[in-house]
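Asks: Residue numbers (our numbering), protein chains in the order written: chain C, 201 to 626; chain S, 201 to 626.
Just so you know, the hints here were simulated from the structure itself, not pulled from any lab data. Any given hint could be a false lead.
[Stated by the list, open to error] Okay, derived cross-link-like pairs now, EDC-like style, lysine to aspartate or glutamate, Cα gap no bigger than 20 Å in a straight line:
#1 S/K435 with S/E521
#2 C/K223 with S/D536
#3 S/K223 with C/D390
#4 C/K223 with C/E333
#5 C/K223 with C/E399
#6 S/K435 with S/D447
#7 C/K435 with C/D536
#8 S/K223 with C/D536
#9 C/K493 with C/D536
#10 S/K435 with S/D583
#11 S/K223 with S/D374
#12 C/K223 with S/E452
There are 2 protein chains.
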Amino acid sequence: MSSTTEPRAGGASTLHSQAAAAKATTRRLAAASTREKNAALTAMADALLRATPRILEANCVDVDAAAMRGQTAALVDRLRLTEARVAQIAEGVRQIAALPDPVGRIERLEARPNGLRVGRMTVPLGLVGIVYEARPNVTIDAAALCLKSGNACLLRGGSEALASNRALVSVVGDALASAGLPREAVSFVDDTDREGVREMARLSGVLDLLIPRGGEGLIRFVTEHATVPVIQHYKGVCHVYVDGAADLAMAEAIAVNAKTHRPGVCNAMETLLVDAACAHAFLPRVADAMRAKGVALRGCGRARALVPSMAAASDADWDTEYLDLVLSVRVVDGLDAALAHIAAHGTGHTEAIVSADRDRGERFVREVDASLVLVNASTRFNDGFELGLGAEMGISTTKLHAYGPMGLEELCARKWVGYGAGQIRG
Amino acid sequence: MSSTTEPRAGGASTLHSQAAAAKATTRRLAAASTREKNAALTAMADALLRATPRILEANCVDVDAAAMRGQTAALVDRLRLTEARVAQIAEGVRQIAALPDPVGRIERLEARPNGLRVGRMTVPLGLVGIVYEARPNVTIDAAALCLKSGNACLLRGGSEALASNRALVSVVGDALASAGLPREAVSFVDDTDREGVREMARLSGVLDLLIPRGGEGLIRFVTEHATVPVIQHYKGVCHVYVDGAADLAMAEAIAVNAKTHRPGVCNAMETLLVDAACAHAFLPRVADAMRAKGVALRGCGRARALVPSMAAASDADWDTEYLDLVLSVRVVDGLDAALAHIAAHGTGHTEAIVSADRDRGERFVREVDASLVLVNASTRFNDGFELGLGAEMGISTTKLHAYGPMGLEELCARKWVGYGAGQIRG
Numbered sequence: 201m202s203s204t205t206e207p208r209a210g211g212a213s214t215l216h217s218q219a220a221a222a223k224a225t226t227r228r229l230a231a232a233s234t235r236e237k238n239a240a241l242t243a244m245a246d247a248l249l250r251a252t253p254r255i256l257e258a259n260c261v262d263v264d265a266a267a268m269r270g271q272t273a274a275l276v277d278r279l280r281l282t283e284a285r286v287a288q289i290a291e292g293v294r295q296i297a298a299l300p301d302p303v304g305r306i307e308r309l310e311a312r313p314n315g316l317r318v319g320r321m322t323v324p325l326g327l328v329g330i331v332y333e334a335r336p337n338v339t340i341d342a343a344a345l346c347l348k349s350g351n352a353c354l355l356r357g358g359s360e361a362l363a364s365n366r367a368l369v370s371v372v373g374d375a376l377a378s379a380g381l382p383r384e385a386v387s388f389v390d391d392t393d394r395e396g397v398r399e400m401a402r403l404s405g406v407l408d409l410l411i412p413r414g415g416e417g418l419i420r421f422v423t424e425h426a427t428v429p430v431i432q433h434y435k436g437v438c439h440v441y442v443d444g445a446a447d448l449a450m451a452e453a454i455a456v457n458a459k460t461h462r463p464g465v466c467n468a469m470e471t472l473l474v475d476a477a478c479a480h481a482f483l484p485r486v487a488d489a490m491r492a493k494g495v496a497l498r499g500c501g502r503a504r505a506l507v508p509s510m511a512a513a514s515d516a517d518w519d520t521e522y523l524d525l526v527l528s529v530r531v532v533d534g535l536d537a538a539l540a541h542i543a544a545h546g547t548g549h550t551e552a553i554v555s556a557d558r559d560r561g562e563r564f565v566r567e568v569d570a571s572l573v574l575v576n577a578s579t580r581f582n583d584g585f586e587l588g589l590g591a592e593m594g595i596s597t598t599k600l601h602a603y604g605p606m607g608l609e610e611l612c613a614r615k616w617v618g619y620g621a622g623q624i625r626g
Numbered sequence: 201m202s203s204t205t206e207p208r209a210g211g212a213s214t215l216h217s218q219a220a221a222a223k224a225t226t227r228r229l230a231a232a233s234t235r236e237k238n239a240a241l242t243a244m245a246d247a248l249l250r251a252t253p254r255i256l257e258a259n260c261v262d263v264d265a266a267a268m269r270g271q272t273a274a275l276v277d278r279l280r281l282t283e284a285r286v287a288q289i290a291e292g293v294r295q296i297a298a299l300p301d302p303v304g305r306i307e308r309l310e311a312r313p314n315g316l317r318v319g320r321m322t323v324p325l326g327l328v329g330i331v332y333e334a335r336p337n338v339t340i341d342a343a344a345l346c347l348k349s350g351n352a353c354l355l356r357g358g359s360e361a362l363a364s365n366r367a368l369v370s371v372v373g374d375a376l377a378s379a380g381l382p383r384e385a386v387s388f389v390d391d392t393d394r395e396g397v398r399e400m401a402r403l404s405g406v407l408d409l410l411i412p413r414g415g416e417g418l419i420r421f422v423t424e425h426a427t428v429p430v431i432q433h434y435k436g437v438c439h440v441y442v443d444g445a446a447d448l449a450m451a452e453a454i455a456v457n458a459k460t461h462r463p464g465v466c467n468a469m470e471t472l473l474v475d476a477a478c479a480h481a482f483l484p485r486v487a488d489a490m491r492a493k494g495v496a497l498r499g500c501g502r503a504r505a506l507v508p509s510m511a512a513a514s515d516a517d518w519d520t521e522y523l524d525l526v527l528s529v530r531v532v533d534g535l536d537a538a539l540a541h542i543a544a545h546g547t548g549h550t551e552a553i554v555s556a557d558r559d560r561g562e563r564f565v566r567e568v569d570a571s572l573v574l575v576n577a578s579t580r581f582n583d584g585f586e587l588g589l590g591a592e593m594g595i596s597t598t599k600l601h602a603y604g605p606m607g608l609e610e611l612c613a614r615k616w617v618g619y620g621a622g623q624i625r626g
């Protein structure tokens with residue numbers, strides 16, 4: 201990993217040679233045994249606890265600087281580490297060590313008519329780049345997930361967290377070395393200008409995948425310039441559609457949970473769609489329940505006719521990810537209109553229907569294009585832990601390769617393998 | 201599909217609106233039943249046979265123009281259609297109709313501790329773009345594979361085949377319409393300048409995937425400019441490694457088949473690696489066998505010491521895809537040296553070991569990074585039909601999403617689905 205703190209000079213070749221050094225470890229990482237990888241992860245968790253004072257000291261530098269620059273309280277909060285937070289990060293690393301090794305599993309092995317036995321084997325991707333923003337815990341989560349899945353990684357955190365990240369990465373490097381694995385397998389790009397992101401996105405033949413995690417601006421910038429494969433973790437404008445055949449108590453509980461359980465995250469509901477068939481019965485009660493939780497409502501004309509105290513929604517509301525206690529509400533004429541609204545305004549993240557009608561539920565599941573489509577459950581379940589992946593790298597809204605939470609398996613590719621006894625083509 | 205033959209004016213928006221019209225059919229295509237899709241495919245096969253005279257007439261225009269422009273015999277051959285060739289293309293469409301529908305299958309459905317049943321459902325990608333060169337059969341193969349997998353497609357063939365492709369696409373459009381599916385689901389970009397390829401590669405939010413099929417120059421151009429996901433079908437510098445523990449008769453048969461069965465394709469062997477432990481016994485016999493098939497040999501110093509009549513290989517030979525009856529030969533010191541050579545010079549396509557030693561075979565399978573890794577079989581098996589996919593779109597050397605032959609399943613994504621009974625997050 202780079203430890204250069206001097207001003208960058210000839211930065212282009214610096215990044216390229218750092219990435220090449222990380223790439224050079226991929227054969228070793230791909231062949232690492234489960235035991236070796238778990239030893240490194242356990243060493244990493246132990247070292248995080250031992251080095252907590254040093255990590256918190258470095259984190260103070262970042263937090264003070266952010267506060268002095270007048271950053272928002274939300275950003276400072278994402279940035280801040282505490283003893284408890286570091287312990288939680290270390291515990292997350294231990295949980296990743298405890299997960300099954302995703303590498304080297306052969307699936308669907310079958311004999312062809314000529315006797316050649318063919319199947320697919322899970323293999324690491326190689327060198328995975330991650331570009332992220334203020335949260336220093338991503339440094340450890342990403343390093344641990346990549347290591348367990350046999351991938352080397354090239355991490356580039358936000359400038360706000362530079363001191364924290366340097367301290368964390370030095371702990372990771374020592375843990376790798378103590379387990380006999382190459383330090384360069386977790387490489388940190390110690391650089392904070394955006395030109396560096398552009399360069400990273402163009403490391404064709406070196407970087408096997410780039411994952412931008414952060415605001416829409418960062419993701420668009422990476423997509424615009426990338427020549428390497430990119431998996432985007434875009435925003436979620438998530439809907440709950442309450443069908444005419446819904447159990448209204450269930451619908452209310454799901455809608456309130458989807459909106460208010462954690463409004464600042466991507467799988468929170470932003471728009472509630474209500475079938476005209478039940479709007480009269482449902483809208484007033486859900487409006488009361490939402491208000492009791494402090495949610496501001498913005499409705500279409502038909503919704504406001506039933507709940508006149510709602511503010512009026514503008515066209516822009518249907519495409520807005522509020523990430524806040526704000527909800528847009530629209531009355532629609534049944535399932536087809538709900539499907540059309542979601543096709544027009546959804547972002548491929550998470551969509552839910554509440555209905556006791558099995559056929560309508562199944563049509564919704566089949567016809568909605570989103571990384572998770574739910575029947576009678578809260579949108580908040582789009583999460584690696586909730587779906588059983590054990591840990592995740594974020595939620596992909598890219599349809600190729602990984603659509604939804606990216607766990608260890610999604611950090612692997614599948615190659616074909618064939619076992620023969622001298623077969624040739626005739 | 202576009203039928204504009206006037207000079208392009210405001211081409212940018214023409215392509216964009218054509219693509220948007222194709223995109224607009226994706227919801228309909230994704231929801232199409234197996235019966236509807238198969239009816240369209242059968243109609244397509246029937247119509248190809250009925251329209252053969254018209255197709256051959258159009259093809260003559262292309263072939264004559266290519267011959268007049270002094271194109272190579274190989275290109276003219278790829279371009280030429282005959283009655284038998286059209287019948288074969290139609291038969292391929294019928295075979296695709298007979299394959300299982302890849303869409304809508306739920307995999308690994310399991311109940312979470314809270315009772316939420318979650319799984320993954322195969323879904324179409326949406327709108328798939330394919331850029332290809334002279335072979336007009338790709339137009340039909342791609343249209344049929346996309347249709348069966350519920351995808352709309354935007355096809356852009358080479359300028360050499362323009363008249364042929366117009367005739368073929370008009371047949372496809374009629375077949376779609378006769379089955380009640382939208383004509384625009386198979387859209388043909390009737391344009392032949394490279395700027396159009398650049399524009400197509402930048403249709404973010406419209407094109408869900410772009411597959412460039414053709415020479416290295418085309419693929420690099422697309423990758424350089426793309427903002428949409430790209431799956432590359434790159435060249436194959438494929439190796440056969442003959443281990444010291446190989447059955448030499450088997451090794452000879454595999455090497456000769458891998459090199460000479462069809463030397464012009466990407467899964468043909470380009471470099472033979474021979475373990476020093478058996479080089480003395482193996483090299484002279486395989487050299488004789490290759491020569492008898494007209495193969496020109498280029499060897500390293502150690503190979504030439506054993507077979508002095510071989511030409512000397514230059515450094516560039518180890519990275520060359522000859523696509524011809526030429527073979528480079530290198531003597532290596534056992535498995536580790538073979539793995540290092542392949543890691544340095546392989547292109548992630550197809551690699552094979554010949555060895556009776558099970559452990560070495562397994563190490564080769566696990567450690568070689570290629571879309572198909574074989575033990576004791578010819579590299580020629582990297583093919584959708586041979587691996588049991590039924591039909592293919594080409595062979596991906598992109599590791600993400602699809603690594604190896606792209607069949608119907610690889611033209612699908614997997615979304616998460618969840619069936620609940622009112623679950624919310626606590």
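Asks: Which earlier hints can't be squared with this structure?
Replies: Violated: hints 3, 4, 6, 7, 9, 12.
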